[in-house]
Amino acid sequence: MGLDWWHIYKSARKLTNMTSKKPHEMTFIQFAQAISPGWSTRVKFPLKDGLCDPKWITSVWDSTENGTDYGVYWHNQALANQLPSDAQRYRFDDFFLHPFTEKLGLNPSVSADNVKAAQLLATRNAWIAAIQDYYGQYSPNLGITMLSRGAAAEYLLLTSGVIHPWMEKEVRLYITEQKEKKLQEANIPKAPIEMSSNPNWPNTQVIYARTSEPTAQQRAELAERQKSIQYWLDLYYDQDGRWTSAYEMNASYAQEDIDIAIQKIAVLQKIIEKQNALIKKAGYVVKKNKLHEAKMRASKKIGRPEKSPERQNVAVRFTAQWVRSLKDALNAKSCAQLEDMITGSSQRNWRRWLNGEAVPTHKTLSKLLNEEITQGQYNGQPLIQVTTTPATGDLLTLISQLSPATEEWKRHPQAINRNFFE
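For the sequence shown, the numbering used here begins at 117 and goes up steadily by one.
None of these hints come from the bench; they were simulated from the model.
The reader is advised that the hints may include incorrect statements.
[As the list claims (entries may be wrong)] Below, computed lysine-lysine pairings styled on DSS-like, alpha-carbon distance capped at 25 Å: (1) K479 with K443; (2) K219 with K285; (3) K397 with K386; (4) K483 with K443; (5) K449 with K483; (6) K390 with K380; (7) K306 with K219; (8) K386 with K396; (9) K219 with K295; (10) K285 with K306; (11) K404 with K390; (12) K306 with K295; (13) K297 with K285; (14) K403 with K390; (15) K397 with K411; (16) K386 with K406; (17) K295 with K285; (18) K297 with K219; (19) K396 with K406.
[Unchecked claim] Derived DEER-like restraints, expressed as beta-carbon distance ranges: (20) V401 with R440: 50 to 58 Å; (21) V226 with A393: 40 to 48 Å; (22) Q497 with A410: 21 to 29 Å; (23) S156 with I279: 19 to 27 Å; (24) D350 with P305: 33 to 41 Å; (25) V226 with R326: 27 to 35 Å; (26) E218 with Y352: 42 to 50 Å; (27) A507 with S450: 44 to 52 Å; (28) L272 with E337: 46 to 54 Å.
Think of the CB as a built atom: it goes at the ideal place given N, C-alpha and C, for glycine as much as any other residue.
Make a model of the complete structure from these sequences and hints.
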């Protein structure tokens, strides 16, 4: 059954007496139009802010990179006060927000796009939080049934991770506004770029700040603030904190990079010490197991491991079947004719394999499969190309499990077989 979006949008138009409604009594569209989100951004410095507690080497770098936090608050304070405490203000870091920005079809590298994404995400989260907080006293299913038809449809949609149509509409309006803004800026004549002639600020663009004359009320407020010592403390602190030259600014930034690098080195050194301790501990285990393995080897007979009688009988049976199938495929009447048709083969071996007196080793069969056929329809082709029952590759695998296998074969049987099937 589809969602009745006409019913939802129709409900959203009923904004009369909206101030008297509580968040859980509104549809999502009504709530989003009434709450009016604001925003703020803050550059975060994990190492300076004490937010860095890396657990592994990759997080040493990731968690110490500067980033941006996007805060969202609500202009409609009366409505915001009715929200749960954790929904009255939101803050998203860029790492968390960027995937949602992309999901909306916006660009995570553009700060304004991230702000729009943060506002929409906060609005969604706040409305869901209001619904869940109010109906939390009921079971989840019962709570849904108590919602209006439109609100229930929106709740199911938003909690399933789908972008709400109202949010899609807001994104389209935002994109249109941004395009119009760029067109307007492009039509505004740009003033020529002026570079600083001050030797302390080389290669620096000059930007003029113009302010209007203060009003009488503003002058009176300034005079009142100047009566407080805190005004002068703040003023001198600001003046003393200003850069006097580009060289001073660059030196300060370089020192900041050095301080961050020192903290990273300290963290990495702790990780190195921890890993060295693990290596040392593991070394004891390896040494102990090697000694145990050496004792086990000394107590056993030296030589090839014993073959399983069952595997031996199975290999004998399928080797004989393979030889018979090969004779039929090549139209060979005898083992002697097989020897004549396949270079490097032996009549004696063919006869013993056919009679179940022996089984070829993995090495012998591997070499034989690459030998060339000199007669018949397979003339000039390697033996591996002949279709047999059982398949040559299956027989080779069976024999490899019978004979002592190399470590390479144990780990990569497919890589070994590929040499014979290419």
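Now the hints, each set against the structure:
| no. | hint | result |
| --- | --- | --- |
| 1 | K479 with K443 | holds (22 Å) |
| 2 | K219 with K285 | holds (14 Å) |
| 3 | K397 with K386 | holds (17 Å) |
| 4 | K483 with K443 | holds (19 Å) |
| 5 | K449 with K483 | holds (23 Å) |
| 6 | K390 with K380 | holds (15 Å) |
| 7 | K306 with K219 | violated (35 Å) |
| 8 | K386 with K396 | holds (15 Å) |
| 9 | K219 with K295 | holds (20 Å) |
| 10 | K285 with K306 | violated (33 Å) |
| 11 | K404 with K390 | holds (22 Å) |
| 12 | K306 with K295 | holds (19 Å) |
| 13 | K297 with K285 | holds (18 Å) |
| 14 | K403 with K390 | holds (20 Å) |
| 15 | K397 with K411 | holds (22 Å) |
| 16 | K386 with K406 | violated (30 Å) |
| 17 | K295 with K285 | holds (16 Å) |
| 18 | K297 with K219 | holds (23 Å) |
| 19 | K396 with K406 | holds (15 Å) |
| 20 | V401 with R440: 50 to 58 Å | holds (53 Å) |
| 21 | V226 with A393: 40 to 48 Å | holds (46 Å) |
| 22 | Q497 with A410: 21 to 29 Å | violated (49 Å) |
| 23 | S156 with I279: 19 to 27 Å | holds (24 Å) |
| 24 | D350 with P305: 33 to 41 Å | holds (38 Å) |
| 25 | V226 with R326: 27 to 35 Å | holds (28 Å) |
| 26 | E218 with Y352: 42 to 50 Å | holds (46 Å) |
| 27 | A507 with S450: 44 to 52 Å | violated (24 Å) |
| 28 | L272 with E337: 46 to 54 Å | holds (53 Å) |
Consistency note: the structure conflicts with the earlier hints numbered 7, 10, 16, 22 and 27.
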